[in-house]
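Student: As a plain string of letters, each chain reads:
2 protein chains.
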Amino acid sequence: MANSRSGDSVLDRLVRVLGAFDGTKDSLSIAALARRADVPLATAYRLVADMVRHGLLSRDANGQVRPGLRLWELANRSSPAVDLRQAAIPFMDDVQSVVRQHTQLAILRDDEVLVIERLSSRGSVVNQAQIAGRMPVHRTSLGMVLLAFSPNHVQESYLNRHPDAVASADPVSFDFRRHLAQIRLRGYAAFDGRVDADTTGIAVPVLGPHGNAQAALGVVVPLGFESFQSVVPALMTAARGIARTMGSQPA
Amino acid sequence: MANSRSGDSVLDRLVRVLGAFDGTKDSLSIAALARRADVPLATAYRLVADMVRHGLLSRDANGQVRPGLRLWELANRSSPAVDLRQAAIPFMDDVQSVVRQHTQLAILRDDEVLVIERLSSRGSVVNQAQIAGRMPVHRTSLGMVLLAFSPNHVQESYLNRHPDAVASADPVSFDFRRHLAQIRLRGYAAFDGRVDADTTGIAVPVLGPHGNAQAALGVVVPLGFESFQSVVPALMTAARGIARTMGSQPA
Numbered sequence: 001m002a003n004s005r006s007g008d009s010v011l012d013r014l015v016r017v018l019g020a021f022d023g024t025k026d027s028l029s030i031a032a033l034a035r036r037a038d039v040p041l042a043t044a045y046r047l048v049a050d051m052v053r054h055g056l057l058s059r060d061a062n063g064q065v066r067p068g069l070r071l072w073e074l075a076n077r078s079s080p081a082v083d084l085r086q087a088a089i090p091f092m093d094d095v096q097s098v099v100r101q102h103t104q105l106a107i108l109r110d111d112e113v114l115v116i117e118r119l120s121s122r123g124s125v126v127n128q129a130q131i132a133g134r135m136p137v138h139r140t141s142l143g144m145v146l147l148a149f150s151p152n153h154v155q156e157s158y159l160n161r162h163p164d165a166v167a168s169a170d171p172v173s174f175d176f177r178r179h180l181a182q183i184r185l186r187g188y189a190a191f192d193g194r195v196d197a198d199t200t201g202i203a204v205p206v207l208g209p210h211g212n213a214q215a216a217l218g219v220v221v222p223l224g225f226e227s228f229q230s231v232v233p234a235l236m237t238a239a240r241g242i243a244r245t246m247g248s249q250p251a
Numbered sequence: 001m002a003n004s005r006s007g008d009s010v011l012d013r014l015v016r017v018l019g020a021f022d023g024t025k026d027s028l029s030i031a032a033l034a035r036r037a038d039v040p041l042a043t044a045y046r047l048v049a050d051m052v053r054h055g056l057l058s059r060d061a062n063g064q065v066r067p068g069l070r071l072w073e074l075a076n077r078s079s080p081a082v083d084l085r086q087a088a089i090p091f092m093d094d095v096q097s098v099v100r101q102h103t104q105l106a107i108l109r110d111d112e113v114l115v116i117e118r119l120s121s122r123g124s125v126v127n128q129a130q131i132a133g134r135m136p137v138h139r140t141s142l143g144m145v146l147l148a149f150s151p152n153h154v155q156e157s158y159l160n161r162h163p164d165a166v167a168s169a170d171p172v173s174f175d176f177r178r179h180l181a182q183i184r185l186r187g188y189a190a191f192d193g194r195v196d197a198d199t200t201g202i203a204v205p206v207l208g209p210h211g212n213a214q215a216a217l218g219v220v221v222p223l224g225f226e227s228f229q230s231v232v233p234a235l236m237t238a239a240r241g242i243a244r245t246m247g248s249q250p251a
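Protein chains in written order, with UniProt numbering: chain A, 1 to 251; chain B, 1 to 251.
Calculated directly from the structure, the hints in this document are not laboratory data. Keep in mind the model is a prediction, meaning the values are calculated, not measured. Zero decoy hints are in this set.
No copy is singled out in the list; a pair is fine if it fits within one copy or between any two copies.
Dumping the calculated SDA-like pairs for lysine to any residue here, alpha-carbon to alpha-carbon at most 25 Å:
#  : residue 1 : residue 2
1  : K25       : G55
2  : K25       : Q86
3  : K25       : Q214
4  : K25       : H54
5  : K25       : L69
6  : K25       : I107
7  : K25       : G133
8  : K25       : A87
9  : K25       : V137
10 : K25       : M135
11 : K25       : D111
12 : K25       : S120
13 : K25       : P209
14 : K25       : M246
15 : K25       : P90
16 : K25       : G208
17 : K25       : G247
Please take these sequences and the hints and turn them into a complete structure.
Tutor: Below is the structure:
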């Protein structure tokens, strides 16, 4: 396995090393890092030393490493993700003030939901979403709203690559494509307990210039949450504000 | 100038390319990037192409490049900066609800203030702080509180490297070291109009396990803000909450 990748560049290895931090563990030993990144151990030692020197990784007292502060700084300057979250935060804060549960913002990326921002109050319910973490599209309200407000060819290629999505469709609607059409018609997606049994996710699209979702805004509330009916208009209002701030004219 | 750096590794060049995005411009042409990063143009073209392929940079329709979404994702997973901001956000949100002005969180880094998080309401006053941006230590309340609650040797080496700080000290206290001692005694720093003429910055330390600041929490309010007196206790309460969440026992 080691030394198995031919034509491996420094950049390839660097990206695999950073990708080894998948959110399951905050810090890793160099041996674990080498294994996860599929880099020979000696190479990993050298590369990690160089990356630590540049602040791309940091090393703790036990010799474990994790992504460094300089990397965070470089990645968060002039980043499109930061533009989106900066536009969204005041409106997420408004939603948060009303709903007092997790409020989150996500985009569709490589057939997954990439979480850009999350505001939580103390006392919110359990929530699997991590910032910069990924969630499955067809098991989350965020993902379904992103897909429902995607161009047709994006939906079709997602379905081609994920036959399991069609199989797992909501038993009531039983047709995945019809389910997407319903979400598009209603303007929001609401799912009970697909990620956590005791919660409901509710999400609306942040529309871009062509009427497609450039992001999704959602909340996670306890199952049976009494103000459910007030959440959707609050989300829709906030999503229009975000779209306007991003320079898109809401439809 | 081009080709001038000897012993330059791919990693050195990569870090300089990312560092070229300093917050002044969101996207750069490859020529501008090569110039800012001090990398030969042909090398820059090759490196940018590789970085775009890995999502570390993204290229827009005009061929301009900027930091990519994949870089953001890699840097924000398992990052210590993200841990700090996640601990801080609910408390920053509390401060924001009370004060309704910019609320920001920063750390001391390479003799500068590195802004980790910022919450703004619509209608807040002007504010220079950018997320992942840097500000001078001795011209900001965040910086002064970070320095005042740093170990003595950190203060002394800062002063050795920045004789201008001593020269620019508040005319009332005129002694920079005494000024730091006063901030430490009071437990907060408040500055009028050093960054923007019409604003006041107020900041308190988020104390770590040894009584030093692991971060600073501050607000920027309009000059003559009527609730000035209520801001300090609100900040102190929130800072204790952040320290507790981070696992430090406030003194």
